[in-house]
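A.B. asks: Using the hints, position chain B against chain A.
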Amino acid sequence: DAGVIQSPRHEVTEMGQEVTLRCKPISGHDYLFWYRQTMMRGLELLIYFNNNVPIDDSGMPEDRFSAKMPNASFSTLKIQPSEPRDSAVYFCASRGTSGPSRYNEQFFGPGTRLTVL
Amino acid sequence: EDKVVQSPLSLVVHEGDTVTLNCSYEVTNFRSLLWYKQEKKAPTFLFMLTSSGIEKKSGRLSSILDKKELFSILNITATQTGDSAIYLCAVEKNRDDKIIFGKGTRLHILP
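Note that the protein sequences, when read in sequence, are chains A and B.
Going by my numbering, 29 is the number at position 3 of the first sequence; the sequence numbering is gapless.
Going by my numbering, 6 is the number at position 18 of the second sequence; the sequence numbering is gapless.
If we strip away everything but chain A, and leave its shape as in the complex, we get (with noise of 0.2 Å):
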């Protein structure tokens, strides 16, 4: 398996243009989390999924920012529009459910490095 997927991996863009960053899960994987990292806050969810479904996006900052998963092996972040503060290390992971006695270990994928001048 390739692991989690996503795409692209650099994006440098100008504030207020929109941004859409993708992932594709693991097969199988019926869990997906977008996380955000940054020196000041360190790693933080923003959103998750399972089975396609959004379950808590609590942490989604703002209006500007949205998530879909249109099916078991694609969702995308969006974020319109964008601002300088929202450059950051957008982290996808993955997980499957293998019962309440197991861990059931999330797999990252490499991130998104999104530079907003």
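Any given hint could turn out to be false.
Claimed, not checked - Output of the computed footprint for chain A on chain B, the stretches with three or more beta carbons under 8 Å from beta carbons of chain A:
(1) 30 to 36
(2) 84 to 93
As the list claims (entries may be wrong) - Taking lysine to aspartate or glutamate and the DMTMM-like style, the derived pairs with C-alpha atoms no more than 20 Å apart in a straight line are:
(3) Lys25(B) - Glu131(A)
(4) Lys(-9)(B) - Glu14(B)
(5) Lys94(A) - Glu14(B)
(6) Lys86(B) - Asp56(A)
(7) Lys104(A) - Asp82(A)
(8) Lys104(A) - Glu40(A)
(9) Lys29(B) - Glu37(A)
(10) Lys94(A) - Glu40(A)
(11) Lys81(B) - Glu131(A)
(12) Lys86(B) - Glu40(A)
(13) Lys104(A) - Glu44(A)
(14) Lys86(B) - Asp83(A)
(15) Lys(-9)(B) - Glu70(A)
(16) Lys25(B) - Glu70(A)
(17) Lys81(B) - Asp82(A)
(18) Lys81(B) - Glu40(A)
(19) Lys86(B) - Glu70(A)
(20) Lys(-9)(B) - Asp85(B)
(21) Lys44(B) - Glu44(A)
(22) Lys50(A) - Glu109(A)
(23) Lys104(A) - Glu131(A)
(24) Lys(-9)(B) - Glu37(A)
(25) Lys55(B) - Glu(-11)(B)
(26) Lys56(B) - Glu14(B)
(27) Lys86(B) - Glu44(A)
(28) Lys81(B) - Glu70(A)
(29) Lys29(B) - Asp82(A)
(30) Lys81(B) - Asp83(A)
(31) Lys28(B) - Glu37(A)
(32) Lys28(B) - Glu70(A)
(33) Lys45(B) - Glu131(A)
(34) Lys55(B) - Asp84(B)
As the list claims (entries may be wrong) - Some chain B residues flagged as far from chain A (calculated, every beta-carbon gap over 10 Å):
(35) Ser(-5)
(36) Val0
(37) Asn10
(38) Ser12
(39) Thr16
(40) Phe18
Since the hints were derived computationally from the structure, they do not count as laboratory data.
The structure displayed is predicted, hence computed values, not measured ones.
We treat Cβ as the ideally placed atom computed from N, Cα and C, and that holds for glycine.
C.D. replies: Using the frame of chain A, we list chain B on its own:
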């Protein structure tokens, strides 16, 4: 509010030294504590701890949990330059699919 606090935030040591990284937590419905290593890219899983006092070990890395005092430590002995990374502590809760991460300890090993 649930929180996970790691210390120190950064650490620089020489190759061969032993380091101890700390993680304290305050969460409701604790299930497990996790350690991750993050080099240049994505975090990778190291340990999961659920019971107090039982050491988990992998090579030169070891970790232990104290559920009474609500903390965990990660020890690395005979450090090597390849141990340079951010070490993340996280907590998993019962009846919740989320993981709560600390801000990490940035470890740099000098040759």
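A.B. asks: Of the hints stated earlier, which fail here?
C.D. replies: 5, 10, 12, 18, 21, 22, 23, 24, 27, 29
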